[in-house]
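Generate coordinates for the entire structure from the input sequences, incorporating the hints supplied.
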Amino acid sequence: MVPLAYYLWLSGILFACGVVGFLIKRNIITIFMSIELMLNGVNLSFVAFAAHWQVLAGQIFVFFVMVVAAAEAAVGLAIIIAVYRTRETLNVDQVNLLKL
Amino acid sequence: MNFHLILFLAFGAICVGGAVNLLAQRHPINSALSLIAVMAALAGEYLLLGAEFVAAVQVIVYAGAIMVLFVFVIMLLNAGEEEETKGSRVAILLGVPGTLTGSVLMSWVVLRRSGTEAVAIGALPGHPREIAQLLFHDFLLPFEVTSILILIAIMGAVVLASKPPAGKVD
Numbered sequence: 089m090v091p092l093a094y095y096l097w098l099s100g101i102l103f104a105c106g107v108v109g110f111l112i113k114r115n116i117i118t119i120f121m122s123i124e125l126m127l128n129g130v131n132l133s134f135v136a137f138a139a140h141w142q143v144l145a146g147q148i149f150v151f152f153v154m155v156v157a158a159a160e161a162a163v164g165l166a167i168i169i170a171v172y173r174t175r176e177t178l179n180v181d182q183v184n185l186l187k188l
Numbered sequence: 002m003n004f005h006l007i008l009f010l011a012f013g014a015i016c017v018g019g020a021v022n023l024l025a026q027r028h029p030i031n032s033a034l035s036l037i038a039v040m041a042a043l044a045g046e047y048l049l050l051g052a053e054f055v056a057a058v059q060v061i062v063y064a065g066a067i068m069v070l071f072v073f074v075i076m077l078l079n080a081g082e083e084e085e086t087k088g089s090r091v092a093i094l095l096g097v098p099g100t101l102t103g104s105v106l107m108s109w110v111v112l113r114r115s116g117t118e119a120v121a122i123g124a125l126p127g128h129p130r131e132i133a134q135l136l137f138h139d140f141l142l143p144f145e146v147t148s149i150l151i152l153i154a155i156m157g158a159v160v161l162a163s164k165p166p167a168g169k170v171d
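Chains as they are written, first to last, in the numbering used here: chain Y, 89 to 188; chain W, 2 to 171.
Keep in mind that the hints were calculated from the coordinates and are not lab data. Hints may be right or wrong, so weigh each one.
Computed, partial: chain W to chain Y, Cβ under 8 Å [to be verified]:
(1) Val17
(2) Ala33
(3) Ala52
(4) Ala66
(5) Ile75
(6) Gly96
(7) Ile132
Listed next, with one range per pair, are the computed distances between beta-carbon atoms [to be verified]:
(8) Y:Ala170 - W:Val69: 19 to 25 Å
(9) W:Val21 - Y:Ala170: 30 to 36 Å
(10) W:Ala133 - Y:Arg173: 39 to 45 Å
(11) W:Glu145 - Y:Leu186: 20 to 26 Å
(12) Y:Gln142 - W:Arg90: 45 to 51 Å
(13) W:Val159 - Y:Val153: 21 to 27 Å
(14) W:Ser89 - Y:Arg173: 24 to 30 Å
(15) Y:Lys187 - W:Ser163: 25 to 31 Å
(16) Y:Asn184 - W:Ala57: 41 to 47 Å
No experiment lies behind these values; they were computed from the predicted model shown. For glycine and all other residues, C-beta sits at the position ideal for the given N, C-alpha and C.
Okay, here's the thing in structure tokens:
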């Protein structure tokens with residue numbers, strides 16, 4: 089038996105790693121991967137709570153999160169390709185057209 | 002120390018190690034590979050919880066399809082080492098106290114609210130028949146809406162990633 093808190097800890101650690109990666113990384117692809125890491129952390133807490141309360145709908149919710157993540161990955165990577173085509177860089181510090 | 006806890010800790014260690022490695026690596030392809038390790042270990046955690054369906058979807062969709070897309074784009078764009086840049090001072094001034102406050106608050110809530118309740122191994126009644134009943138009957142409308150979402154995402158990806166026609170390049 090593993091306490092529910094352990095699963096929430098692991099989920100929180102993964103989410104925090106995703107947030108840190110999102111903030112400190114400079115490569116646009118790595119930033120995008122950090123977002124995926126955050127989604128994975130949230131999914132783990134969904135499944136842990138579903139197992140804790142014996143509600144199967146939590147698994148369906150994880151399924152929907154994965155579908156949205158897949159759609160997001162497709163559109164996001166297309167945007168990355170478009171950015172690279174116009175700016176010739178993957179460094180987010182050099183994508184500053186909106187900056188004054 | 003029972004077997005369930007040992008397995009949980011082993012998969013959790015792989016998860017955390019992969020996540021930290023994702024932050025530490027400078028080359029995107031190394032980060033992508035460590036993210037695949039995190040996702041595979043998470044599939045193991047789902048199996049421990051008894052969510053076989055989610056574990057299978059995790060491996061097929063996340064570690065398979067989405068990460069293949071990532072690796073494909075990394076190789077397509079020939080992404081190299083990350084360049085070092087200075088972080089802003091505001092981020093450090095606000096970020097460090099904010100992170101500390103958030104983590105202390107979160108650990109306080111988790112420790113206080115759910116200290117003793119345990120999750121048994123294979124606790125979920127995740128029979129495919131019940132999942133299909135939920136997915137194709139109770140959640141039929143959201144399921145159909147996600148199909149439209151995927152269709153829009155495909156069209157958006159094609160439009161965004163396709164080359165602009167010659168003469169219209171600005």
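Numbered hints the structure breaks, given as an ascending list: 11
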